[in-house]
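Asks: Chain residues, written in single-letter form:
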Amino acid sequence: MLQIMDLSKKYKNVQAVSGVNMYLEKGEIVGLLGPNGAGKSTTISMLSSLITPSSGDVRLHNESIVKQPEKIRHILGVVPQEIALYTDLTAEENLQFFGKIYGLQGTTLKLRINEVLEQIGLTDRRKDLVKTFSGGMKRRLNIGVALLHTPEMIIMDEPTVGIDPQSRNYILETVKRLNREQGMTVLYTSHYMEEVEFLCDRIYIMDQGHIIASGTKEELKNILSSENTIIIKVERIKDELTRVLKADPHIRQVQVQDQKISIIVPKEENLFQAITHYAEETKTKLISIEVKAPTLEDVFLHLTGRALRD
Amino acid sequence: MIFPFIKKDLLVMIRNRQELLVLLLMPIVLIAILGFALGGVLKGDSPNIHAKVAIINNDNEQEDLQQFIKDIENAGLPTEAEMSMKTGAQSLLPVAILTEDVFDSEELKKYFEVEIIKPEQAEKVKKDDNYAAIIEIPEKFTYHLLSKVFLDKSAEISLQLYKNEGKQGTSNLVEDVIRQFQKQLTTMTIVGKNGIQLDTEPITGTIETVSKKEPINSMQYYTVGMSVMFIMYVASNISSFAYREKQLHVFNRIILSNTSRWSYFIGIFFSTMLIAFIQQLILYGVSALIFHVYWGDLAAFLVLNLSLSFAIGGVAALLTAVNYRIDSESASGFFSSILVTLFSLLGGSFTPLAEVSPIIEFIGNLTPNGAGMTALLKVLQGSGITGIFEHVLYLIIFGIVLLSVAAFSFPKRGEAI
Chain V
51 MLQIMDLSKK YKNVQAVSGV NMYLEKGEIV GLLGPNGAGK STTISMLSSL
101 ITPSSGDVRL HNESIVKQPE KIRHILGVVP QEIALYTDLT AEENLQFFGK
151 IYGLQGTTLK LRINEVLEQI GLTDRRKDLV KTFSGGMKRR LNIGVALLHT
201 PEMIIMDEPT VGIDPQSRNY ILETVKRLNR EQGMTVLYTS HYMEEVEFLC
251 DRIYIMDQGH IIASGTKEEL KNILSSENTI IIKVERIKDE LTRVLKADPH
301 IRQVQVQDQK ISIIVPKEEN LFQAITHYAE ETKTKLISIE VKAPTLEDVF
351 LHLTGRALRD
Chain L
203 MIFPFIKKDL LVMIRNRQEL LVLLLMPIVL IAILGFALGG VLKGDSPNIH
253 AKVAIINNDN EQEDLQQFIK DIENAGLPTE AEMSMKTGAQ SLLPVAILTE
303 DVFDSEELKK YFEVEIIKPE QAEKVKKDDN YAAIIEIPEK FTYHLLSKVF
353 LDKSAEISLQ LYKNEGKQGT SNLVEDVIRQ FQKQLTTMTI VGKNGIQLDT
403 EPITGTIETV SKKEPINSMQ YYTVGMSVMF IMYVASNISS FAYREKQLHV
453 FNRIILSNTS RWSYFIGIFF STMLIAFIQQ LILYGVSALI FHVYWGDLAA
503 FLVLNLSLSF AIGGVAALLT AVNYRIDSES ASGFFSSILV TLFSLLGGSF
553 TPLAEVSPII EFIGNLTPNG AGMTALLKVL QGSGITGIFE HVLYLIIFGI
603 VLLSVAAFSF PKRGEAI
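Chains as they are written, first to last, in our numbering: chain V, 51 to 360; chain L, 203 to 619.
The shape of chain V in the complex, shown without the other chains (with noise of 0.2 angstroms):
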């Protein structure tokens, strides 16, 4: 349906993202997972025909999109991660201006507001102003707002940022039963790789502007087939530990978060000796160490050295 064909975006010197090759199929929920400042709102910009390539192509069922970017916009829904409203209006007012710049009207516009509100739960709220919603409910509505022309395909930048777990679910479930009822195809970006693991068929790792992996969760997955993450909890952090644990030959990746440090390293090896020595060495209460089946965090971490929230 989608294709991406060696995107590249470059800002005076600054390279946003380079050589970025992706496809979507119809029906899918893909994932775009990388740290802030990756690259991820660019590539949507342009993909979604916003901004212009500063070279590559992108294709929708084989054309061009950067020559005829008026071809995508009817098809395509854009929730932007910041909520793109009009706060002095009402809901219904919202959807109302951008059903009508869409070409809806009348009772079709009437309808689809309505059928808008029941999805995204807002119906008993039209009448208020967006800016007496809480950050969810305007989330919610950012996301009507993509949905009201009925695209084909929506494009989901951050979705969730600075919500209640609660609104973050609704969302979440909501993009669920897009997908399931309706057919509609997700490109779906965050940095919370449980997101992305919950909702996505297939996903792409993007850092520092290119694609660093992907495939299915299983796929990445199995990029550290090779390796275990190991989890030690501490009673305080000491510089001195995680000095030599970096400083181990065997330990291929370091990670302090909290009280806890991330370590990857090799499934051969067992160094649960090595770390409570290292403990007693630098006079650190250990409270647990534990071995867990990677994630994408670990994933990311193992291919880019940090964690996606860096």
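Certain hints may be false.
BS3-like mimics (lysine-lysine), calculated; alpha carbons at most 25 angstroms apart, straight line [claimed, not checked]:
1) Lys365(L) to Lys342(L)
2) Lys320(L) to Lys177(V)
3) Lys342(V) to Lys271(V)
4) Lys385(L) to Lys288(L)
5) Lys283(V) to Lys333(V)
6) Lys385(L) to Lys342(L)
7) Lys160(V) to Lys150(V)
8) Lys76(V) to Lys117(V)
9) Lys365(L) to Lys320(L)
10) Lys369(L) to Lys312(L)
11) Lys342(L) to Lys326(L)
12) Lys326(L) to Lys288(L)
13) Lys296(V) to Lys317(V)
14) Lys448(L) to Lys150(V)
15) Lys160(V) to Lys181(V)
16) Lys181(V) to Lys209(L)
17) Lys288(V) to Lys271(V)
18) Lys121(V) to Lys448(L)
19) Lys60(V) to Lys254(L)
20) Lys181(V) to Lys448(L)
21) Lys209(L) to Lys254(L)
22) Lys150(V) to Lys209(L)
23) Lys288(L) to Lys311(L)
24) Lys385(L) to Lys355(L)
25) Lys254(L) to Lys350(L)
26) Lys448(L) to Lys62(V)
27) Lys160(V) to Lys311(L)
28) Lys350(L) to Lys385(L)
29) Lys328(L) to Lys311(L)
30) Lys117(V) to Lys448(L)
Just so you know, the hints here were simulated from the structure itself, not pulled from any lab data.
The model shown is predicted, which means the values in this text are computed figures rather than measured ones.
We have chain V; now place chain L onto it with these hints.
Replies: Just chain L, lined up with the frame of chain V:
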């Protein structure tokens, strides 16, 4: 496609109380303050004057006229000159001119209540404190005046003016009127001496007789001045709001709906024009109700306000384009904080600066508010559409030029994001 943009902008504007206060309440307050505080400064402000004036008439005009006619018949003048003098004398009866053409004129009779007093009551009237001034016309005044004017006979021609010291302001005004009257008579004496046919136009007591325009009072002046000043804030507000649409990424959403940049742009232009026009109607409506500022030619008034709103639409479009190009709201900020004040000063919103010099008047009329103000004042003074046509044309051209420059400088695809 433009209608949703206009509706949206209207709704947003209506719900923004702070901006409504700036656009509607502040000009009304300023009109009230300036109009009342500076009342009387402008020519059209009628001072609250009422003065009783007594004229003690010792003269007998008809007798004097007959005596003068006899004199010229006996002077052995050529028949043509004799006829001319007779006609001239009949139209130069000074007491009638003073009492009827001067004090009973449309402009002075509002202020002066004139009583003709018989000579026998003179002493009684002179002791009456109710009169601001008493004018005493001596015996044979008409005869001596006509003889001096037409026959160049030397004679003492003078009026006696008694001023009431307790009514200094109004008695001074009476003195001014009499001095003007004397000046006029003196001019006639000189003209008559040179044998030129006398102008038979009546002497009137008006201060301004050259123009037939209605005078403007301070309330009218500041109603127009503040309205054309605050209309400019509509342009800065709408352009700021348009830039915030970019910041909030709403503009991206609009573009993604396949709405052309032109539609968006024209939407801003028409929204501004409509809001500006409504603002002006509200301001002038309130001024009519509260300050009694009324408009004679409504068609001219409406055409002018539409063309002024059109020009302001162009300003908003240009400010929006510049804001988008420099990726900052500072063009709107600069306009509202510096240029509005400067334009208002040059355009005459604070004081009729155009009277200082023709160059300032010219520069002032180049600003949309200045052109609008000049034309609106003309409408208040009785001009119709033809009288303000050049200003209407200028405002429309101004709007078109700014809109074209704005369209040219508005960032193209990919540049505005």
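Asks: Holds or violated: lysine 181(V) with lysine 209(L), Cα cutoff 25 angstroms?
Replies: Since the Cα atoms of lysine 181(V) and lysine 209(L) sit roughly 19 angstroms apart, the hinted pair holds (cutoff 25 angstroms).
Asks: Need the status of pair lysine 365(L), lysine 342(L): alpha-carbon distance at most 25 angstroms?
Replies: 23 angstroms, holds
Asks: Under the criterion that the straight-line Cα-Cα distance not exceed 25 angstroms, is the pair lysine 160(V), lysine 311(L) satisfied?
Replies: 69 angstroms, violated
Asks: Check the hint pairing lysine 150(V) with lysine 209(L) against an upper bound of 25 angstroms on the C-alpha distance.
Replies: Status holds; Cα separation ~11 angstroms.
Asks: Lysine 342(V) and lysine 271(V): Cα distance at most 25 angstroms?
Replies: The given pair, whose Cα atoms are some 12 angstroms apart, holds under the 25 angstroms limit.
Asks: When you check the alpha-carbon spacing of lysine 385(L) and lysine 342(L), does it fall within 25 angstroms?
Replies: Between lysine 385(L) and lysine 342(L) the Cα gap is close to 20 angstroms, so the pair holds against 25 angstroms.
Asks: Between the alpha carbons of lysine 320(L) and lysine 177(V), is the straight-line distance 25 angstroms or under?
Replies: 83 angstroms, violated
Asks: Are the Cα atoms of lysine 385(L) and lysine 355(L) separated by 25 angstroms or less?
Replies: 19 angstroms, holds
Asks: For the pair supplied as a hint, lysine 288(V) and lysine 271(V), is the alpha-carbon distance within the 25 angstroms limit?
Replies: Not OK: lysine 288(V) and lysine 271(V) at ~30 angstroms, beyond 25 angstroms, violated.
Asks: Checking one constraint from the list: CA of lysine 288(L) to CA of lysine 311(L), max 25 angstroms. Satisfied?
Replies: Judged against 25 angstroms, a Cα distance of about 30 angstroms means the pair is violated.
Asks: Straight-line Cα separation of lysine 160(V) and lysine 150(V) no greater than 25 angstroms?
Replies: 11 angstroms, holds
Asks: Take the C-alpha atoms of lysine 365(L) and lysine 320(L), compute the straight-line distance between them, and say whether it is at most 25 angstroms.
Replies: Status holds; Cα separation ~19 angstroms.
Hints 2, 12, 17, 19, 21, 23, 25 and 27 from the list above are not met by this structure, while the remaining hints are.
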